[in-house]
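K.L.:
Sequence:
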Amino acid sequence: MEIRPETAEDHGLVGLLYRQAFVGNYEAELVDALRDAGEARIVLVATEGDELIGHILFAAVGIRIGDRPVATLALAEMAVHADQQGRGIGGRLVAAGLAAARAQAVEAVVVLGHPTYYPRFGFSAELARRLRTPFRGGEAFMALPLAPGALEGDMGVVTYPSAFQIGRRPR
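Counting from -15, one number per residue, gives the positions in the sequence shown under the working numbering.
Derived from the structure by calculation, the hints contain no laboratory data.
All of these numbers come straight from a predicted model, not from anything done at the bench.
Simulated DEER-style distance windows between Cβ atoms:
| id | residue 1 | residue 2 | range |
| --- | --- | --- | --- |
| 1 | Thr31 | Asp51 | 42 to 52 Å |
| 2 | Leu0 | Gly70 | 16 to 26 Å |
| 3 | Thr(-9) | Glu136 | 35 to 45 Å |
| 4 | Glu(-14) | Gln88 | 15 to 25 Å |
| 5 | Asp51 | Ala87 | 20 to 30 Å |
| 6 | Asp67 | Asp138 | 44 to 54 Å |
| 7 | Asp51 | His(-5) | 36 to 46 Å |
| 8 | Phe6 | Ala87 | 27 to 37 Å |
By construction, the Cβ of each residue, glycine as well, lies at the ideal position given by its N, Cα and C atoms.
Start from the sequences, fold in the hints, and give me the full structure.
P.N.:
Below you can see the structure in the form of structure tokens.
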């Protein structure tokens, strides 16, 4: 298995992957909208031979804690082909994406995802409770500081790009 940056040739297969992995089109449309808006910052695919078996996208978001901006990405979407789940592909995609974020001097990452899956990578719902967000996430909204002290201080505010408004489905 190889993890590599997404190319334009992957886009059609990525859309099929999301439509296979999730009910409806929201996730596939969000990936397209983030790409089209130029908000996708880290986009990786997992391949095995010629087959695309996984995808992950980190998008630009804004966090302000008091008067301080925090360079932040959102782990916006991730999918692994149903036939390939349970092999650690998702974990390898997350780890590769976080390594790329650190290399780009990103200070924090947020995710709205499964509360039992993402804590293994250091994401914390407790840290995210001090961040106001337009999404109701409860325990599913988590944050991960990549730089020391990145999320310390007063209450913070997370601003998502308008591409996240497509379909405006509660998550």
